Amino acid sequence: MEGERLASQARSSGLPAGGATGESPGVDAPLLGSSGSSALLQAEVLDLDEDEDDLEVFSKDASLMDMNSFSPMMPTSPLSMINQVKFEDEPDLKDLFITVDEPESHVTTIETFITYRIITKTSRGEFDSSEFEVRRRYQDFLWLKGKLEEAHPTLIIPPLPEKFIVKGMVERFNDDFIETRRKALQKFLNRIADHPTLTFNEDFKVFLTAQAWELSSHKKQGPGLLSRMGQTVRAVALSMRGVKSRPEEFMEMNNFIEIFSQKINLIDKISQRIYKEEREYSDEMKEYGPIHVLWSASEEDLVDSLRGVARCLDQCCKATEKRMSGLSEALLPAVHEYVLYSEMVMGVMKRRDQIQAELDSKVEALTYKKADTDLLIEEIGKLEDKVECANNALKADWERWKHNMQNDIKSAFTDMAEENIHYYEQCLATWESFLASQTDLHMEETSEDKPESH
Amino acid sequence: MTENNFWLKKIEINVSEAEKRTGRNAMNMQETYTAYLIETRSVEHTDGQSVLTDSLWRRYSEFELLRNYLLVYYPHIVVPPLPEKRAEFVWHKLSADNMDPDFVERRRIGLENFLLRVASHPILCRDKIFYLFLTQEGNWKETVNETGFQLKADSRLKALNATFRVKNPDKRFTELKHYSDELQSVISHLLRVRARVADRLYGVYKVHGNYGRVFSEWSAIEKEMGDGLQSAGHHMDVYASSIDDILEDEEHYADQLKEYLFYAEALRAVCRKHELMQYDLEMAAQDLASKKQQCEELATGTVRTFSLKGMTTKLFGQETPEQREARIKVLEEQISEGEQQLKSKNLEGREFVKNAWADIERFKEQKNRDLKEALISYAVMQISMCKKGIQVWTNAKECFSKM
Numbered sequence: 001m002e003g004e005r006l007a008s009q010a011r012s013s014g015l016p017a018g019g020a021t022g023e024s025p026g027v028d029a030p031l032l033g034s035s036g037s038s039a040l041l042q043a044e045v046l047d048l049d050e051d052e053d054d055l056e057v058f059s060k061d062a063s064l065m066d067m068n069s070f071s072p073m074m075p076t077s078p079l080s081m082i083n084q085v086k087f088e089d090e091p092d093l094k095d096l097f098i099t100v101d102e103p104e105s106h107v108t109t110i111e112t113f114i115t116y117r118i119i120t121k122t123s124r125g126e127f128d129s130s131e132f133e134v135r136r137r138y139q140d141f142l143w144l145k146g147k148l149e150e151a152h153p154t155l156i157i158p159p160l161p162e163k164f165i166v167k168g169m170v171e172r173f174n175d176d177f178i179e180t181r182r183k184a185l186q187k188f189l190n191r192i193a194d195h196p197t198l199t200f201n202e203d204f205k206v207f208l209t210a211q212a213w214e215l216s217s218h219k220k221q222g223p224g225l226l227s228r229m230g231q232t233v234r235a236v237a238l239s240m241r242g243v244k245s246r247p248e249e250f251m252e253m254n255n256f257i258e259i260f261s262q263k264i265n266l267i268d269k270i271s272q273r274i275y276k277e278e279r280e281y282s283d284e285m286k287e288y289g290p291i292h293v294l295w296s297a298s299e300e301d302l303v304d305s306l307r308g309v310a311r312c313l314d315q316c317c318k319a320t321e322k323r324m325s326g327l328s329e330a331l332l333p334a335v336h337e338y339v340l341y342s343e344m345v346m347g348v349m350k351r352r353d354q355i356q357a358e359l360d361s362k363v364e365a366l367t368y369k370k371a372d373t374d375l376l377i378e379e380i381g382k383l384e385d386k387v388e389c390a391n392n393a394l395k396a397d398w399e400r401w402k403h404n405m406q407n408d409i410k411s412a413f414t415d416m417a418e419e420n421i422h423y424y425e426q427c428l429a430t431w432e433s434f435l436a437s438q439t440d441l442h443m444e445e446t447s448e449d450k451p452e453s454h
Numbered sequence: 001m002t003e004n005n006f007w008l009k010k011i012e013i014n015v016s017e018a019e020k021r022t023g024r025n026a027m028n029m030q031e032t033y034t035a036y037l038i039e040t041r042s043v044e045h046t047d048g049q050s051v052l053t054d055s056l057w058r059r060y061s062e063f064e065l066l067r068n069y070l071l072v073y074y075p076h077i078v079v080p081p082l083p084e085k086r087a088e089f090v091w092h093k094l095s096a097d098n099m100d101p102d103f104v105e106r107r108r109i110g111l112e113n114f115l116l117r118v119a120s121h122p123i124l125c126r127d128k129i130f131y132l133f134l135t136q137e138g139n140w141k142e143t144v145n146e147t148g149f150q151l152k153a154d155s156r157l158k159a160l161n162a163t164f165r166v167k168n169p170d171k172r173f174t175e176l177k178h179y180s181d182e183l184q185s186v187i188s189h190l191l192r193v194r195a196r197v198a199d200r201l202y203g204v205y206k207v208h209g210n211y212g213r214v215f216s217e218w219s220a221i222e223k224e225m226g227d228g229l230q231s232a233g234h235h236m237d238v239y240a241s242s243i244d245d246i247l248e249d250e251e252h253y254a255d256q257l258k259e260y261l262f263y264a265e266a267l268r269a270v271c272r273k274h275e276l277m278q279y280d281l282e283m284a285a286q287d288l289a290s291k292k293q294q295c296e297e298l299a300t301g302t303v304r305t306f307s308l309k310g311m312t313t314k315l316f317g318q319e320t321p322e323q324r325e326a327r328i329k330v331l332e333e334q335i336s337e338g339e340q341q342l343k344s345k346n347l348e349g350r351e352f353v354k355n356a357w358a359d360i361e362r363f364k365e366q367k368n369r370d371l372k373e374a375l376i377s378y379a380v381m382q383i384s385m386c387k388k389g390i391q392v393w394t395n396a397k398e399c400f401s402k403m
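Going down the list, the sequences are from chains A and B. Counting in the UniProt record's numbering, the first sequence runs from 1 upward without gaps. Counting in the UniProt record's numbering, the second sequence runs from 1 upward without gaps.
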């Protein structure tokens with residue numbers, strides 16, 4: 001943290017040592033009064049508005065549950081794990097392509113749900129075929145995520161889109177919601193495919209290739225619910241210990257992710273708000289142009305000018321719509337994904353802490369000679385390996401995640417800037433052509449001076 | 001009011017300052033108001049230099065008095081309107097308070113515009129009261145009131161509800177009235193929507209300002225991305241604050257449209273005057289016709305129409321031939337008078353229509369010029385806004401791509 005603080009002296013002020021700052025929007029934003037300063041508007045945005053509160057109603061529980069359900073069994077020996085996490089062979093050439101599309105509604109007596117078609121194209125040998133088509137529902141994705149977290153507790157698993165959003169939805173599945181979810185699910189699967197370790201996960205392969213009944217029977221295998229529950233209680237008890245003995249680099253990581261999480265959440269809110277404001281602007285603009293056309297009906301000599309202005313306003317309105325759709329295609333999903341990602345990363349860090357805590361508690365037990373020392377020493381040995389694996393896995397994945405994050409954020413904001421430039425260029429062109437048409441005519445008419453006195 | 005042209009040279013008029021004042025009003029209560037400084041300069045033809053000739057302070061109510069006077073004495077002229085008394089079409093950032101400095105500033109410009117319009121009107125510029133408004137600070141109010149113009153004013157002109165069943169109005173005036181209604185309606189609508197659009201635009205720009213703060217805070221924890229984030233954030237702040245000037249310029253455009261919104265009212269006033277004159281004319285003609293008929297009936301002894309006199313004679317007995325003669329004589333005098341009056345009313349009416357229509361033609365040309373110019377200036381504003389936007393976002397994009 002110190003290193004980073006030094007670098008940051010020149011930038012923002014007031015970051016207290018060693019930790020995340022509490023965000024204090026402060027002003028309990030009243031109704032925007034006649035002074036309507038920008039500060040008020042800013043405060044209003046940063047406050048949790050009534051109608052934006054429910055952004056908190058995500059199903060965070062999904063990650064929590066899985067977080068506590070780590071199992072001590074490792075797929076392979078620790079040594080091979082260490083080799084695996086070096087990530088030298090990042091898959092440069094993609095050999096796995098996944099698309100998610102064709103949402104379909106299914107209605108049964110018990111429930112209504114949506115399935116998505118998943119098409120996988122691959123050249124990998126371990127797959128029986130080069131193309132697969134299956135149908136999956138959200139529950140299946142949840143299952144996959146759980147299995148991945150189980151298998152790799154200290155790798156950063158990509159986030160899933162939220163279970164549901166409460167606000168303003170009369171119908172649970174409206175078109176926008178489904179489309180947003182579809183895109184996020186596609187992103188989820190592709191991120192796994194791009195991950196050097198996760199891409200070879202067996203459950204992932206089953207998910208992509210198995211027919212419905214095959215998947216069902218496959219799901220039934222694996223540790224039962226009861227064993228997972230038993231571990232939850234222990235895990236919670238241990239989680240606090242882990243924080244105390246956290247190594248320096250993980251402290252740094254933790255501080256980073258806490259602040260990052262705050263900031264990305266704010267950016268998410270701001271971006272959503274911008275979209276909303278642009279939508280309302282666009283709605284008003286739709287009415288603005290036509291009034292000029294209406295006016296032109298009673299003004300013989302101003303028909304050209306008025307219709308010209310109307311045309312410009314309509315074009316600008318269209319340009320706004322385009323800007324908005326650019327926002328909702330690129331920036332909003334990208335930022336929101338990182339909101340969810342930051343939750344995932346915090347979960348991963350907690351899991352790492354727990355693994356460490358387990359080791360620490362055994363070491364402590366040894367110190368006080370509470371149980372059979374030989375057994376303890378053996379267990380400690382195993383746990384030390386486990387901690388080392390977990391740490392290395394996380395470290396490597398962290399670097400990878402951070403690198404991706406920077407690229408994704410950079411790309412998302414660059415796109416947004418590009419959209420805005422394009423928007424203004426379009427508007428400029430339409431107004432300039434109007435002006436040209438008017439000033440040509442204007443020159444022809446005899447120009448009178450502004451009212452002056454005789 | 002007089003034919004004299006009080007200025008032999010070209011003049012410039014400026015409403016150059018506005019000042020808050022307190023004083024006591026007619027009911028001896030303390031009040032706060034704004035006074036405006038009017039400076040008049042005469043311009044030498046030869047070298048274009050201007051010399052300050054007059055400088056005095058006036059408040060809004062005095063402008064109103066001047067205008068009301070002009071309305072009475074020049075009913076055939078489309079009298080330029082004053083800027084609005086109270087702020088209307090306000091969007092959330094604008095104040096509805098008359099004392100607000102921005103409102104006062106825009107009103108100052110509006111009042112200057114009013115004076116320039118009057119001064120450039122071929123007929124109004126020659127009015128003595130207008131001349132005194134610009135040159136005689138004290139006593140001007142008394143002078144105006146001494147003209148007795150309030151008494152001359154036809155209260156029916158102001159009565160909005162009164163309808164006059166005019167049988168033969170000049171069709172052009174009927175169309176003009178219809179036009180002025182449409183103009184008022186469409187400009188009101190436009191101004192309302194424009195205010196809402198301005199409000200929304202303000203929102204879009206200002207929310208981007210939040211990025212500035214958050215980027216700045218985030219940059220503190222980033223090594224490679226930090227600089228890019230920080231400077232991009234700065235550009236977001238620039239973007240957010242640019243909307244203030246943009247919308248202030250737009251208010252001037254709105255004021256230009258508002259002037260014509262109020263001009264619609266002035267047009268309507270001229271139409272009303274015509275209607276009233278026509279109504280009086282028709283009433284007078286009707287009255288004359290009925291008197292003539294009465295006279296004829298008395299003379300020939302046939303009663304075709306009901307009259308109270310007829311009734312009473314039936315009840316109380318016939319009148320004497322002498323009485324009847326007397327009555328016929330009175331009626332004949334009235335008829336003669338009536339015919340004179342009708343003749344002069346007709347003449348008046350035709351004069352009015354001719355003069356009014358000349359001014360309306362002048363007004364139409366002025367309106368077309370002004371509105372066209374206003375629309376062009378709106379386009380210029382939009383172009384400027386777009387160029388600023390391109391600039392800011394290009395800078396921001398550069399920062400983002402360097403992250």
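A portion of the hints provided could be inaccurate.
[Stated by the list, open to error] Straight line, CA to CA, 30 Å or less: simulated BS3-like cross-link-like pairs of lysine-lysine:
no.: 1; chain 1: A; residue 1: 402; chain 2: B; residue 2: 402
no.: 2; chain 1: A; residue 1: 187; chain 2: B; residue 2: 167
no.: 3; chain 1: B; residue 1: 223; chain 2: A; residue 2: 322
no.: 4; chain 1: A; residue 1: 410; chain 2: B; residue 2: 223
no.: 5; chain 1: A; residue 1: 183; chain 2: B; residue 2: 388
no.: 6; chain 1: A; residue 1: 350; chain 2: A; residue 2: 322
no.: 7; chain 1: B; residue 1: 388; chain 2: A; residue 2: 286
no.: 8; chain 1: B; residue 1: 223; chain 2: A; residue 2: 395
no.: 9; chain 1: A; residue 1: 286; chain 2: A; residue 2: 94
no.: 10; chain 1: B; residue 1: 354; chain 2: B; residue 2: 167
[As the list claims (entries may be wrong)] Here are the computed distance ranges between Cβ atoms for each label pair:
no.: 11; chain 1: A; residue 1: 436; chain 2: B; residue 2: 398; range: 26 to 34 Å
no.: 12; chain 1: A; residue 1: 293; chain 2: B; residue 2: 136; range: 48 to 56 Å
no.: 13; chain 1: A; residue 1: 103; chain 2: B; residue 2: 401; range: 43 to 51 Å
no.: 14; chain 1: A; residue 1: 293; chain 2: B; residue 2: 101; range: 35 to 43 Å
no.: 15; chain 1: B; residue 1: 53; chain 2: A; residue 2: 293; range: 24 to 32 Å
no.: 16; chain 1: A; residue 1: 276; chain 2: B; residue 2: 143; range: 58 to 66 Å
no.: 17; chain 1: B; residue 1: 244; chain 2: A; residue 2: 276; range: 42 to 50 Å
no.: 18; chain 1: B; residue 1: 172; chain 2: A; residue 2: 276; range: 33 to 41 Å
no.: 19; chain 1: B; residue 1: 147; chain 2: A; residue 2: 276; range: 32 to 40 Å
no.: 20; chain 1: B; residue 1: 32; chain 2: A; residue 2: 440; range: 29 to 37 Å
no.: 21; chain 1: A; residue 1: 276; chain 2: B; residue 2: 178; range: 14 to 22 Å
Derived by calculation from the structure, the hints in this document are not laboratory data. In this text, all values refer to a predicted model and were calculated from it rather than measured experimentally. All C-beta atoms, glycine included, are put in the ideal place defined by N, C-alpha and C.
We went through each hint and held it up to the structure:
1. Proposed proximity of residue 402(A) and residue 402(B) is supported: the alpha carbons are some 16 Å apart, at most 30 Å.
2. At most 30 Å may separate the alpha-carbon atoms for a hinted pair to count; residue 187(A) and residue 167(B) exceed this at roughly 78 Å.
3. For the given pair, residue 223(B) sits about 34 Å from residue 322(A) by alpha-carbon distance, which is inconsistent with the 30 Å threshold.
4. Between the alpha carbons of residue 410(A) and residue 223(B) the distance comes to roughly 14 Å, so the proposed pair stays at or under 30 Å and holds.
5. With a CA separation close to 34 Å, the supplied pair residue 183(A) and residue 388(B) exceeds the 30 Å bound.
6. As the CA atoms of residue 350(A) and residue 322(A) are separated by approximately 42 Å, the hinted pair breaks the 30 Å bound.
7. For the proposed pair residue 388(B) and residue 286(A), the alpha carbon gap of about 23 Å is at most 30 Å, so the pair holds.
8. A C-alpha spacing of about 17 Å is found between residue 223(B) and residue 395(A), which places the hinted pair at or below 30 Å, so the restraint holds.
9. Between residue 286(A) and residue 94(A), the direct Cα distance comes to roughly 45 Å. Violation of the 30 Å bound is thereby established for this hinted pair.
10. Straight-line distance between C-alpha atoms of residue 354(B) and residue 167(B) comes to about 20 Å, which keeps the hinted pair within the 30 Å bound.
11. In this structure the supplied range 26 to 34 Å holds for residue 436(A) paired with residue 398(B), their Cβ-Cβ distance being about 30 Å.
12. For the hinted restraint 48 to 56 Å between residue 293(A) and residue 136(B), the CB-CB distance of approximately 49 Å keeps it satisfied.
13. Against the hinted window of 43 to 51 Å, the Cβ-Cβ separation of residue 103(A) and residue 401(B) comes to about 35 Å, which falls outside the hint.
14. Taking the beta carbon of each, residue 293(A) and residue 101(B) are about 37 Å apart, inside 35 to 43 Å as hinted.
15. Range check, residue 53(B) to residue 293(A): Cβ separation about 48 Å, and the 24 to 32 Å hint is violated.
16. Separated by about 59 Å at the C-beta atoms, residue 276(A) and residue 143(B) satisfy the suggested range of 58 to 66 Å.
17. For residue 244(B) and residue 276(A), the hinted distance range of 42 to 50 Å is not satisfied, since their beta carbons lie about 21 Å from each other.
18. Here the CB-CB span from residue 172(B) to residue 276(A) is close to 51 Å, at odds with the stated 33 to 41 Å.
19. Taken as a hint, the range 32 to 40 Å is violated for the pair residue 147(B) and residue 276(A), whose Cβ atoms sit roughly 59 Å apart.
20. The beta-carbon spacing between residue 32(B) and residue 440(A), approximately 50 Å, falls outside the hinted interval of 29 to 37 Å.
21. At roughly 42 Å, the beta carbons of residue 276(A) and residue 178(B) sit outside the given window of 14 to 22 Å.
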